[in-house]
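Asker: Going line by line, the protein sequences match chains A and B.
Under numbering that gives the first Met the number 0, the first residue of the first sequence carries the number 0, and numbering increases by one thereafter.
Under numbering that gives the first Met the number 0, the first residue of the second sequence carries the number 0, and numbering increases by one thereafter.
There could be a bad hint or two in this list.
[What the hints assert, rightly or not] Stretch by stretch, here's where chain B covers chain A in the computed footprint (C-beta under 8 Å, at least three residues):
(1) 45 to 56
(2) 62 to 76
(3) 93 to 104
(4) 114 to 121
[Stated by the list, open to error] Here's a subset of chain B near chain A, in silico, CB distances under 8 Å, partners left out:
(5) Leu99
(6) Leu115
(7) Gly144
(8) Ala147
(9) Ala171
(10) Gly177
Calculated directly from the structure, the hints in this document are not laboratory data.
The C-beta atom is built at its ideal place from N, Cα and C for all residues, glycine as well.
The primary structure of each chain is shown beneath.
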Amino acid sequence: MTPVLEVAGLSFAFDGAPVLHDVTFSVQEGERVGIVGGNGAGKTTLLWCLLGLWKGAGRIRLFGRRPEVGDNRVAAVFQNPEDQLFMPRLVDDLALPLVNQGIAPVEARARADATLRSFGLEFAANRPAARLSLGERKRAALAAALVTRPQIIVLDEPTAELDGRSVRRLIEALNDVALTQIVASHDLQFLGAVTARLLVLIGGHLAADGPTRALLADREMLERAGLI
Amino acid sequence: MIVLRYAAGSFSLAAALAAGLVRDGVLLATSGVAALAIRPFAFHGRATWLSLLPIGAFAAGLALLDLASNGVPSSLAVRTVVVFLWLTAGSRLMPWTDLLGRACGSMFWTPALFVLVTRHFVQVLSGETVRVFRARSLQVPRRFGPGAFRALAWALVAVVLRSWGRAERFYAAQRLRGLAG
Numbered sequence: 000m001t002p003v004l005e006v007a008g009l010s011f012a013f014d015g016a017p018v019l020h021d022v023t024f025s026v027q028e029g030e031r032v033g034i035v036g037g038n039g040a041g042k043t044t045l046l047w048c049l050l051g052l053w054k055g056a057g058r059i060r061l062f063g064r065r066p067e068v069g070d071n072r073v074a075a076v077f078q079n080p081e082d083q084l085f086m087p088r089l090v091d092d093l094a095l096p097l098v099n100q101g102i103a104p105v106e107a108r109a110r111a112d113a114t115l116r117s118f119g120l121e122f123a124a125n126r127p128a129a130r131l132s133l134g135e136r137k138r139a140a141l142a143a144a145l146v147t148r149p150q151i152i153v154l155d156e157p158t159a160e161l162d163g164r165s166v167r168r169l170i171e172a173l174n175d176v177a178l179t180q181i182v183a184s185h186d187l188q189f190l191g192a193v194t195a196r197l198l199v200l201i202g203g204h205l206a207a208d209g210p211t212r213a214l215l216a217d218r219e220m221l222e223r224a225g226l227i
Numbered sequence: 000m001i002v003l004r005y006a007a008g009s010f011s012l013a014a015a016l017a018a019g020l021v022r023d024g025v026l027l028a029t030s031g032v033a034a035l036a037i038r039p040f041a042f043h044g045r046a047t048w049l050s051l052l053p054i055g056a057f058a059a060g061l062a063l064l065d066l067a068s069n070g071v072p073s074s075l076a077v078r079t080v081v082v083f084l085w086l087t088a089g090s091r092l093m094p095w096t097d098l099l100g101r102a103c104g105s106m107f108w109t110p111a112l113f114v115l116v117t118r119h120f121v122q123v124l125s126g127e128t129v130r131v132f133r134a135r136s137l138q139v140p141r142r143f144g145p146g147a148f149r150a151l152a153w154a155l156v157a158v159v160l161r162s163w164g165r166a167e168r169f170y171a172a173q174r175l176r177g178l179a180g
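Looking at chain A on its own, in the form it has when it is part of the complex (with noise of 0.2 Å):
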């Protein structure tokens, strides 16, 4: 089976420090990925890099080709949901994309509202997202980020600042969506719920790549990493 994902030598620098090393893995389809690692691990720059947004030396191939920003096929969530979210209606940011896909406003409406209600937020619909609680607006990028139906979704850090229902919910909600997924977190318990996989980074390096379960009873390397 081709890899949705392959990733093969990456290395990246900001402003001649090295942020990244060497790093080599591969995705499939369906897969549900987690990328590990303490802070400045270099698991943010690893997405940033794999959505086409900074670029590396080596060589990604997203769906057999490099990534390219705006690829309808790949969706992001990122850490704070006010960088995603700014209209002044829920319902319009869930259209927006889909608006600029070239879908009518008043189909992109009625996709938008589908989707809030099968994230139990069609209460918000007509609220700016700055008036939602932190867990309903994380909630709320994730199905902006949905609702354009992409085969692989990515998310960084999704449950940093949430409390332990919100992060329930997020998990619930994540488990529901049959769909490619990398998701970067230190939060050991929340992978451990959403991932079969993990990579773990350590100073920009690939340390493990191996199933959720083996490598979260593994603590002399979550100790190395800086998790525990």
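For chain A, the structure is supplied; the task is to place chain B on it using the hints.
Answerer: Chain B in isolation, oriented as in the chain A frame:
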């Protein structure tokens, strides 16, 4: 509620336009009273009436100049105040952000999007400024002195850097959502 705001906002803005064209004193006075009656719905607290002081002073000056040059006051000063009353009430009552959001996909979409993105950046900038200066006030209680000025300079640098970071992430997120540019 939103329908009421659209109706009241549109009516007020139309009334402002009409008041600018009316010459009849009685009609202007009636319009002014109506505008004053609607004002508490558009403003809250002290701003309701305090914001009238500058325009009141301006109109009084205008009436005096009118009197000095023509010998008799015209309706210009009253008209100015009435237009101001309707215009400010209308601007406050009109749900502008909702209106901009509804422009999605229409011929006004590009300018509306520009306004919405600018508004978001202003909010980001003001939010970061408040956060940084609140942190500075906790760390440097003194308002003046060498240490306080150095802290102020660093706070301003922090605002710029943080806003830059937020703007970069916002731009990246919107590019991923298909907004070109």
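Asker: If a hint holds in the structure, say so; if it does not, say that too.
Answerer: Results for each hint:
1. 45 to 56: It holds, with 3 qualifying residues against the three required.
2. 62 to 76: holds (count 6)
3. 93 to 104: holds (count 8)
4. 114 to 121: violated (count 0)
5. Leu99: holds (6 Å)
6. Leu115: holds (6 Å)
7. Gly144: Violated, because the Cβ-Cβ distance from Gly144 of chain B to chain A comes to roughly 35 Å (cut-off 8 Å).
8. Ala147: violated (31 Å)
9. Ala171: holds (5 Å)
10. Gly177: Holds - the Cβ of Gly177 of chain B comes within 8 Å of chain A, reaching about 3 Å at its closest.
When the structure is compared with the earlier hints, violations turn up for hints 4, 7, 8 and for no others.
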